[in-house]
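Please model the complete structure; the sequences and the hints are all you need to start from.
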Amino acid sequence: MILFPAIDLKGGACVRLVRGEMASATVFNDDPAAQGRHFAELGFRWLHVVDLDGALAGQSVSGEAVRATRHAVDLKIQLGGGIRDRAAIDAWLALGIDRVVLGTVALRDPALVREAAAAYPRRIVVGIDARDGRVAVEGWSETTGIAAVDLARRFADAGVAAIVYTDIARDGALTGVDAAVIGGFAKQIDIPVIASGGVAGLADIAALAAHAGDGIAGAICGRALYDGRLDPRAALRLAQGAPSC
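When the letters of the sequence shown are read in order and numbered with the working numbering, they come out as residues 1 to 245.
FYI, nobody ran anything at the bench for these hints, they're computed from the structure. Ideal placement from N, C-alpha and C gives every residue a C-beta, glycine not left out. Honestly, I wouldn't trust all of these hints.
[Claimed, not checked] Calculated cross-link-like contacts (lysine to any residue; reagent style SDA-like; alpha-carbon spacing at most 25 Å):
#, residue 1, residue 2
1, Lys76, Gly184
2, Lys187, Gly241
3, Lys187, Arg153
4, Lys187, Ala169
5, Lys187, Gly176
6, Lys76, Val181
7, Lys76, Leu112
8, Lys76, Leu93
9, Lys76, Ser141
10, Lys76, Ala180
11, Lys187, Ala212
12, Lys76, Trp46
13, Lys76, Asp132
14, Lys187, Ala200
15, Lys187, Arg131
16, Lys76, Asp227
17, Lys187, Asp214
18, Lys76, Arg131
19, Lys187, Ala239
20, Lys187, Pro121
21, Lys187, Asp227
22, Lys187, Ala87
23, Lys76, Gln59
24, Lys76, Arg122
25, Lys187, Leu93
26, Lys187, Gly159
27, Lys187, Asp150
28, Lys76, Pro121
29, Lys76, Gly12
30, Lys76, Ala23
31, Lys76, Ala87
[Said to hold, decoys possible] So the derived label-pair ranges between C-beta atoms look like this:
#, residue 1, residue 2, range
32, Ala156, Gly228, 33 to 43 Å
33, Leu95, Ala40, 14 to 24 Å
34, Leu202, Ala94, 31 to 41 Å
35, Ala40, Gly241, 20 to 30 Å
So, in structure tokens, the structure goes:
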């Protein structure tokens, strides 16, 4: 199971939000590239980078910070936030971003996701952010009537690398993950699932790893890493024995 430390970008700094509320942002590092280097030193192999400002704007806003982070580390980078057209997908992958996460556009323009996944096998990830099981889009500002699992199933044969499933109610709140619910979601689709939202400590990593057989192949870790609640090296050891995406 891959552990993805999160670098969420707002105003060019690394921040963490609580349940997606921009007003709740806590700045943890004003140098995203330095934060990326720190995660590399801890032994992580991937970064999960989100342009929060871009997610609301519908286009890249934090490009400079993303590029600086890409140049600073040899880690693989998964990038989301405001990527809404083929030109943006092409540009980020050409820059050396390893995977792009398509969220809002997965609902608005599923054909684009399929087109991109065909052009870039295993480099396109679908981001599904759920509030009470329903898909939220536009930087979580709009909740739709579409069930998260129904949206995921639309891409079962598209060749995407993974689904990032974010539980908005738990994101940044340090309340712990609901591994059974995420595992149940993963069992209903034939795509590896990366769990996001609620990781508060080693028990959550162990719980997610226990559902690896259901299709949970990764976990995104944010606030718990930044404030020291999650021991990164112990977490990586726990995750090593589980399959990855």
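These are the hints, each one checked on the structure:
Restraint check for Lys76 and Gly184: not satisfied, since their Cα atoms lie roughly 28 Å apart, outside the 25 Å limit. Distance check on the hinted pair: Lys187 and Gly241 sit about 19 Å apart at the alpha-carbon level, within 25 Å; holds. Of the pairs offered as hints, the one joining Lys187 and Arg153 holds, with about 11 Å between alpha carbons and a cut-off of 25 Å not exceeded. Straight-line distance between C-alpha atoms of Lys187 and Ala169 comes to about 21 Å, which keeps the hinted pair within the 25 Å bound.
A C-alpha spacing of about 20 Å is found between Lys187 and Gly176, which places the hinted pair at or below 25 Å, so the restraint holds. Simply put, Lys76 and Val181 have alpha-carbon atoms about 28 Å apart, too far for the 25 Å limit, and the pair is violated. For a cut-off of 25 Å, the pair hint linking Lys76 to Leu112 stands: about 23 Å separates their Cα positions. Distance check on the hinted pair: Lys76 and Leu93 sit about 12 Å apart at the alpha-carbon level, within 25 Å; holds.
At most 25 Å may separate the alpha-carbon atoms for a hinted pair to count; Lys76 and Ser141 exceed this at roughly 29 Å. Straight-line distance between C-alpha atoms of Lys76 and Ala180 comes to about 28 Å, which puts the hinted pair past the 25 Å bound. Straight-line distance between C-alpha atoms of Lys187 and Ala212 comes to about 10 Å, which keeps the hinted pair within the 25 Å bound. The straight-line distance between the Cα atoms of Lys76 and Trp46 is roughly 5 Å, inside the 25 Å bound, and the hint therefore holds.
For a cut-off of 25 Å, the pair hint linking Lys76 to Asp132 is broken: about 31 Å separates their Cα positions. Between Lys187 and Ala200, the direct Cα distance comes to roughly 24 Å. Compliance with the 25 Å bound is thereby established for this hinted pair. As the CA atoms of Lys187 and Arg131 are separated by approximately 19 Å, the hinted pair is consistent with the 25 Å bound. Distance check on the hinted pair: Lys76 and Asp227 sit about 23 Å apart at the alpha-carbon level, within 25 Å; holds.
The straight-line distance between the Cα atoms of Lys187 and Asp214 is roughly 5 Å, inside the 25 Å bound, and the hint therefore holds. At roughly 29 Å between alpha-carbon atoms, Lys76 and Arg131 are farther apart than 25 Å, so this suggested pair is violated. A threshold of 25 Å between alpha carbons decides the hint, and for Lys187 with Ala239 the separation of about 19 Å falls inside it, so the pair holds. Taking the CA atoms of Lys187 and Pro121, the gap is about 22 Å. The hint holds against a cut of 25 Å.
Our distance criterion of 25 Å between C-alpha atoms is broken by Lys187 and Asp227, whose separation comes to about 32 Å. With a C-alpha separation of about 33 Å, the suggested pair Lys187 and Ala87 falls outside the 25 Å cut-off, and the hint is violated. Restraint check: the Cα-Cα separation between Lys76 and Gln59 comes to about 22 Å, which is no more than 25 Å; the hinted pair holds. This hinted pair checks out: Lys76 and Arg122 have alpha carbons roughly 13 Å apart, not beyond 25 Å.
As the CA atoms of Lys187 and Leu93 are separated by approximately 30 Å, the hinted pair breaks the 25 Å bound. Restraint check: the Cα-Cα separation between Lys187 and Gly159 comes to about 17 Å, which is no more than 25 Å; the hinted pair holds. For the proposed pair Lys187 and Asp150, the alpha carbon gap of about 13 Å is at most 25 Å, so the pair holds. Annotation: proposed proximity of Lys76 to Pro121 holds, straight-line Cα distance about 16 Å (limit 25 Å).
At roughly 20 Å between alpha-carbon atoms, Lys76 and Gly12 fall within 25 Å of each other, so this suggested pair holds. Between Lys76 and Ala23, the direct Cα distance comes to roughly 30 Å. Violation of the 25 Å bound is thereby established for this hinted pair. Only pairs whose Cα atoms come within 25 Å are accepted, and Lys76 paired with Ala87 is accepted, the gap being roughly 21 Å. Between Ala156 and Gly228 the beta carbons are some 39 Å apart, a value that agrees with the proposed interval 33 to 43 Å.
With their beta carbons about 18 Å apart, Leu95 and Ala40 fall inside the hinted range of 14 to 24 Å. The hinted range of 31 to 41 Å is satisfied by Leu202 and Ala94, whose Cβ atoms lie roughly 38 Å apart. The beta-carbon spacing between Ala40 and Gly241, approximately 22 Å, falls within the hinted interval of 20 to 30 Å.
Hint check: violations occur at hints 1, 6, 9, 10, 13, 18, 21, 22, 25, 30; the rest are consistent with the structure.
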